[in-house]
Amino acid sequence: MPASVTNDTLLAFKAGRAFRRDGSNIVEADPAKGAILLTNGDDGLLHFIWKNRETDVSEEDLIIFPTDATFTKVDQSNGRVYVLKFSSSNQRHFFWMQDASSARDDEFANNVNGVLQDPEHPLQWGTSGSSSSSAPPAQASSSTTTSTTPAAATPGFQATPEQLDYLQTLLRAGGATTGAAEAAIPEASLVDILTPANLTPLFTNHPELVPTLFPYLPPDLPMPPSAEVVQRIIHSPQFRAAVASFDQALRTGLLGNLVRQLGLPEEAGLGIAPFLRAVQAKADRENREAGGMDTD
Amino acid sequence: MSDEEQSGWQLTESDPGVFTELLKTLGVPLIVDDLYSLDSDSLANLQPLHALIFLFKWVASGDSESGPGSSSGTYDPDFQGFFAHQVVNNACATLAVLNALGNIPSLPTGPQLGELVSFSTGMDPQTRGLVITSADWLREAHNTLSPPSAISLEGLNLPRKSEDAYHFVVYLPVMGALYELDGLKPHAVRHSAYSEDGEGWLKVAREVIEARINTYPMGSLEFSLLALRDDPLPTLQSKIQEAQQAGNRELEHELLSTLTNENAKRERWAFENSLRKHNHVGLVHALLMAMAKSGKLSEAEAKAKEAMKTRIEQRKARGEDMDEDD
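The listed protein sequences derive, respectively, from chains D and E. All residue numbers for the first sequence refer to UniProt numbering, where the first residue is 1 and numbers rise by one. All residue numbers for the second sequence refer to UniProt numbering, where the first residue is 1 and numbers rise by one.
If you're looking for bench data, these hints aren't it; they were derived computationally from the structure. Here the structure is a predicted model, which means the values were calculated and not measured. There's no promise every hint is true.
[Unchecked claim] Derived DEER-like restraints, expressed as beta-carbon distance ranges:
| hint | chain 1 | residue 1 | chain 2 | residue 2 | range |
| --- | --- | --- | --- | --- | --- |
| 1 | D | L62 | E | R315 | 35 to 43 Å |
| 2 | E | K309 | D | R260 | 48 to 56 Å |
| 3 | E | G282 | D | A100 | 51 to 59 Å |
| 4 | E | L221 | D | E228 | 53 to 61 Å |
| 5 | E | G110 | D | F214 | 45 to 53 Å |
| 6 | D | P196 | E | G247 | 44 to 52 Å |
| 7 | E | G282 | D | P237 | 42 to 50 Å |
| 8 | E | P148 | D | F214 | 17 to 25 Å |
Idealized CB from N, CA, C, for every residue including glycine.
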């Protein structure tokens with residue numbers, strides 16, 4: 001059933017679908033490129049449409065009555081996964097965000113929810129280029145803190161029965177939780193990134209980067225800073241424990257303020273993947289400003 | 001509420017470097033060293049030696065000891081020395097140190113420690129323990145060597161990994177007898193008297209400690225021994241000079257070697273302590289930036305995801321992530 005983006009399209013954004021595997025509660029992402037559109041139909045009703053961007057075919061067209069449905073983040077997944085749930089039925093439709101950047105995920109979701117509650121809801125969009133506005137506060141929806149994202153085009157998350165139950169609990173409680181129970185979904189840990197195995201070749205091949213670390217070493221070292229000292233530090237149990245602590249803290253998604261002190265945008269404090277993305281973006285910018293640099 | 005939240009005492013590492021730094025803060029000219037052997041030569045090298053600290057961690061799920069834990073000791077409810085109960089778990093290391101220091105005669109100390117010890121004269125062990133843990137200056141000195149609160153995770157309600165519960169017992173001579181001071185026991189424990197000949201109290205201490213170790217089933221106990229002793233550094237230099245003047249080459253070389261080792265050890269302690277006090281978040285960020293600038297970060301992240309995936313699969317295979325239903 002073809003549908004077009006008409007003047008009555010309230011909002012649209014790139015998203016894929018995900019489906020429950022038969023006979024299980026495992027939800028798997030479908031790779032097809034698509035879009036979610038919210039439209040005011042000719043019937044005067046609100047339509048929630050999923051369109052396949054490659055075939056331009058609308059494969060889902062759901063009529064939504066005000067306040068009947070919610071569009072909320074599936075917490076505890078590493079996908080940018082959302083679920084459309086109905087209070088009038090057990091229907092659940094899972095979607096995953098396909099925009100390259102997750103910076104606007106929450107913005108889209110909040111607007112979807114607003115419209116689902118009330119089709120007259122005025123849409124709220126942040127101003128572009130401003131880092132703090134694209135990171136809505138954690139209490140804006142009933143989803144919670146950890147926002148972890150894979151690379152945009154990569155599907156592949158699985159919500160287990162426990163995670164779906166957990167989501168239920170969150171929605172019932174209607175509030176945010178800071179419980180940071182470990183996601184059963186693989187996500188990079190800083191402990192596995194900042195290993196001596198990764199860092200030692202870096203120092204060997206880019207000795208000019210070593211002095212950039214000196215300002216961050218302990219100020220009361222009993223010897224002057226040097227590459228050897230840096231090596232000793234990254235091997236030390238104290239440093240490794242600090243990496244593990246920071247990794248754990250970052251996973252709570254609550255480090256928005258702390259990361260700003262590092263010169264990163266607030267959304268870098270939402271989780272491991274946003275943090276690493278923000279670091280890479282800042283590094284790329286600094287490389288460009290410095291006139292480029294050899295990368296291996 | 002965690003022990004730290006309730007009491008303000010943070011968990012610290014039980015490392016000779018940490019203890020020695022605390023002693024320096026207390027104004028006490030002693031150091032703590034790892035003790036790898038109780039044989040007479042090892043102990044002789046560490047003289048003057050004031051106390052032995054036995055620290056251990058239960059590995060097997062063992063039953064708790066009800067009695068003194070060693071048949072040769074008896075409770076001494078009338079102990080006139082310094083004995084305090086452990087009222088805050090996180091303070092256990094500092095409490096053990098104080099139980100030792102409070103019984104060393106003519107010990108030079110800083111003014112605050114001196115006042116604390118004399119203030120608690122005549123108190124029962126429980127009250128003394130409360131007085132110690134309420135001493136803000138002592139708590140601050142103790143907390144100096146745990147990670148700074150900028151990255152403390154207390155307010156984030158993170159699941160705590162089970163922390164190592166070490167327990168400390170002090171053995172030292174008081175009024176002619178070997179005493180065992182265990183902050184979790186109701187009273188000081190008196191072992192036998194000792195003669196000043198030869199090794200003196202160390203001979204009895206060795207017997208008592210070895211007997212104790214032998215009561216635990218093999219492999220059920222992780223333990224360390226620490227020695228509380230005079231700081232050798234101040235006198236080493238003058239001893240070296242004396243040996244030089246006396247033309248005693250052998251002694252001179254031996255002492256020089258001791259001095260070198262001692263200085264290397266102090267540097268290592270100072271290095272580790274500076275890492276303990278430091279907030280590493282800036283360094284973590286700077287390292288990630290260096291990786292990002294050299295184009296190595298995304299590869300490392302991808303490999304790390306794989307590593308995590310494998311780890312989770314292994315845990316599942318070992319049944320550690322069992323689903324609750326079906």
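Hint-by-hint comparison with the structure:
| no. | hint | verdict |
| --- | --- | --- |
| 1 | D/L62 x E/R315: 35 to 43 Å | 39 Å, holds |
| 2 | E/K309 x D/R260: 48 to 56 Å | 31 Å, violated |
| 3 | E/G282 x D/A100: 51 to 59 Å | 30 Å, violated |
| 4 | E/L221 x D/E228: 53 to 61 Å | 37 Å, violated |
| 5 | E/G110 x D/F214: 45 to 53 Å | 34 Å, violated |
| 6 | D/P196 x E/G247: 44 to 52 Å | 49 Å, holds |
| 7 | E/G282 x D/P237: 42 to 50 Å | 19 Å, violated |
| 8 | E/P148 x D/F214: 17 to 25 Å | 19 Å, holds |
Consistency note: the structure conflicts with the earlier hints numbered 2, 3, 4, 5 and 7.
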